[in-house]
Amino acid sequence: MDQQTQEKNRPLRKLSPNVDVFENEHELLVVADVPGLDPNEIGVHVELPELRIEAKVQGSPDTPVSYVRTFRLDERIDAERVQADYKDGVLRVHLTKSAAFRPRRVAVQAS
Amino acid sequence: MLVRFNDRSFPVFSAARAFPAQSLRRELDRLFGDLERAPSFADSFAPTVSFVDTAEALVLRAELPGVAEKDIDIDVTANAVTIKASRKLETLEGYTAQRRERQSFTFAQSYELGARVDPERVQASLKQGVLTLTLPKVAEAQPKKVTVTAAA
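Sequence order for the protein chains is U and Y. Numbered per our numbering, the first sequence spans residues 1 to 111. Numbered per our numbering, the second sequence spans residues 1001 to 1152.
Bound-form chain U, shown alone:
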């Protein structure tokens, strides 16, 4: 089947996955439902102030699927320290806050 025929018959389904975002004092945690992906095909791009998650499913027997979701991050995120894992069709992206924005306990010294 040539490319043109395939595009006509099977348009790329673009989906916006459902996402939860959690926060604690150390990080933001983004959790997305993106089933059926090869972990190597998942793109997590951090270009401050933007986080973009995108993935394409090719070669599946179904209509090819593309997931795209973009978030605006604030300056608290350290772009160098982003970790992602993928399990059971659920993507988790850990976005570490920059040290300067994490709470630090300051001891009060008696004079």
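A portion of the hints provided could be inaccurate.
[Unchecked claim] Sample of chain Y residues lacking proximity to chain U, with all beta carbon distances greater than 10 Å (derived): (1) A1055; (2) D1073; (3) Q1103; (4) E1112; (5) Q1123; (6) P1143; (7) K1145.
[Stated by the list, open to error] Straight-line distance between alpha carbons at most 30 Å, and here's what the computed DSS-like set of lysine-lysine pairs gives: (8) U:K56 <-> Y:K1144; (9) Y:K1127 <-> Y:K1088; (10) Y:K1070 <-> Y:K1084; (11) Y:K1088 <-> U:K14; (12) U:K56 <-> U:K87; (13) Y:K1127 <-> U:K56; (14) U:K87 <-> Y:K1127; (15) U:K56 <-> U:K14; (16) Y:K1070 <-> U:K87; (17) Y:K1088 <-> U:K97; (18) U:K87 <-> Y:K1145; (19) U:K56 <-> Y:K1145; (20) U:K56 <-> Y:K1088; (21) U:K87 <-> U:K97; (22) Y:K1127 <-> U:K14; (23) U:K97 <-> U:K56; (24) U:K87 <-> Y:K1084; (25) Y:K1088 <-> Y:K1070; (26) U:K14 <-> Y:K1145; (27) U:K87 <-> U:K14; (28) Y:K1084 <-> Y:K1127; (29) Y:K1070 <-> Y:K1145.
Quick caveat, the hints were computed from the structure, so don't treat them as lab data. For glycine and all other residues, C-beta sits at the position ideal for the given N, C-alpha and C.
Starting from the known structure of chain U, arrange chain Y on it as the hints suggest.
Frame of chain U; chain Y shown alone:
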């Protein structure tokens, strides 16, 4: 557990055509969900399910992200398959939620099959949140190749 028969009691091939309606429902869920997470909408969650007909088998594919194997029940008869699946989203210790779009759900759906299958030979696998169910057709339901012989 509630088993919901789809009111569009469709043969296998219309299952794929029913998808846009489910997609719309999902979008509506999301719109309303942004305003307020109404429990009644969570109940209507329907994962994406599609069927492919190969000559030898019907292959069902259901997207069930975050669902554990033990939380999936499949019942197959010669002409129908029922899928039940559920997931309960855990609350994360020590985190506050900034956004919640993912839902816990309990899903049950029966599908009438367009061909007779052999329930004994059904295979199910769950990989990266996708359930694949291969339902081999009985021999009579498989397409026959008819050889044309030239008349003598």
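A quick look at each hint next to the structure:
1. Every C-beta of chain U lies more than 10 Å from that of A1055 of chain Y, the closest at about 14 Å, which supports listing it as non-interface.
2. Its beta-carbon lying about 17 Å from the closest one in chain U, D1073 of chain Y satisfies the requirement of being farther than 10 Å from that chain.
3. With a minimum CB-CB distance of about 7 Å to chain U, Q1103 of chain Y fails to clear the 10 Å threshold, and the non-interface call is violated.
4. The claim that E1112 of chain Y lies off the interface holds: its Cβ sits roughly 20 Å from the closest Cβ of chain U, which is beyond the 10 Å cut-off.
5. Against chain U, the non-interface label of Q1123 of chain Y holds: every CB pair exceeds 10 Å, the least being about 15 Å.
6. With a least beta-carbon separation of about 18 Å from chain U, P1143 of chain Y lies farther than 10 Å from that chain, consistent with its non-interface assignment.
7. The Cβ of K1145 of chain Y lies farther than 10 Å from every Cβ of chain U, with a closest approach of about 23 Å, so its non-interface assignment holds.
8. Simply put, K56 of chain U and K1144 of chain Y have alpha-carbon atoms about 37 Å apart, too far for the 30 Å limit, and the pair is violated.
9. Between K1127 of chain Y and K1088 of chain Y the CA atoms are separated by roughly 19 Å; this keeps the pair inside 30 Å, and the hint holds.
10. As the CA atoms of K1070 of chain Y and K1084 of chain Y are separated by approximately 11 Å, the hinted pair is consistent with the 30 Å bound.
11. Taking the CA atoms of K1088 of chain Y and K14 of chain U, the gap is about 26 Å. The hint holds against a cut of 30 Å.
12. About 17 Å separates the Cα atoms of K56 of chain U and K87 of chain U, which keeps this hinted pair within 30 Å; it holds.
13. For the suggested pair K1127 of chain Y and K56 of chain U, the alpha carbons sit about 17 Å apart, so the restraint of at most 30 Å is met.
14. For the hint linking K87 of chain U to K1127 of chain Y, the alpha-carbon distance of about 9 Å falls within 30 Å, and the restraint holds.
15. Using a Cα cut-off of 30 Å, the hinted pair K56 of chain U and K14 of chain U holds, with the two alpha carbons roughly 9 Å apart.
16. Using a Cα cut-off of 30 Å, the hinted pair K1070 of chain Y and K87 of chain U holds, with the two alpha carbons roughly 16 Å apart.
17. Taken as a hint, the K1088 of chain Y and K97 of chain U pair is honoured in the structure, with Cα atoms around 28 Å apart against an allowance of 30 Å.
18. Taking the CA atoms of K87 of chain U and K1145 of chain Y, the gap is about 43 Å. The hint is violated against a cut of 30 Å.
19. Taken as a hint, the K56 of chain U and K1145 of chain Y pair is broken in the structure, with Cα atoms around 37 Å apart against an allowance of 30 Å.
20. For the given pair, K56 of chain U sits about 27 Å from K1088 of chain Y by alpha-carbon distance, which is consistent with the 30 Å threshold.
21. Among the hinted pairs, K87 of chain U with K97 of chain U is consistent with the structure: their alpha-carbon atoms are about 24 Å apart, no more than 30 Å.
22. At roughly 21 Å between alpha-carbon atoms, K1127 of chain Y and K14 of chain U fall within 30 Å of each other, so this suggested pair holds.
23. Only pairs whose Cα atoms come within 30 Å are accepted, and K97 of chain U paired with K56 of chain U is accepted, the gap being roughly 29 Å.
24. Proximity of K87 of chain U to K1084 of chain Y is assessed by CA-CA distance (about 21 Å); at most 30 Å being required, the pair is judged to hold.
25. With a C-alpha separation of about 12 Å, the suggested pair K1088 of chain Y and K1070 of chain Y falls inside the 30 Å cut-off, and the hint holds.
26. Among the hinted pairs, K14 of chain U with K1145 of chain Y is inconsistent with the structure: their alpha-carbon atoms are about 39 Å apart, more than 30 Å.
27. At roughly 21 Å between alpha-carbon atoms, K87 of chain U and K14 of chain U fall within 30 Å of each other, so this suggested pair holds.
28. Restraint check for K1084 of chain Y and K1127 of chain Y: satisfied, since their Cα atoms lie roughly 17 Å apart, inside the 30 Å limit.
29. The hinted pair formed by K1070 of chain Y and K1145 of chain Y fails the criterion: a straight-line CA distance of about 41 Å is larger than 30 Å.
Taken one by one, the earlier hints fail for this structure at numbers 3, 8, 18, 19, 26, 29, listed in ascending order.
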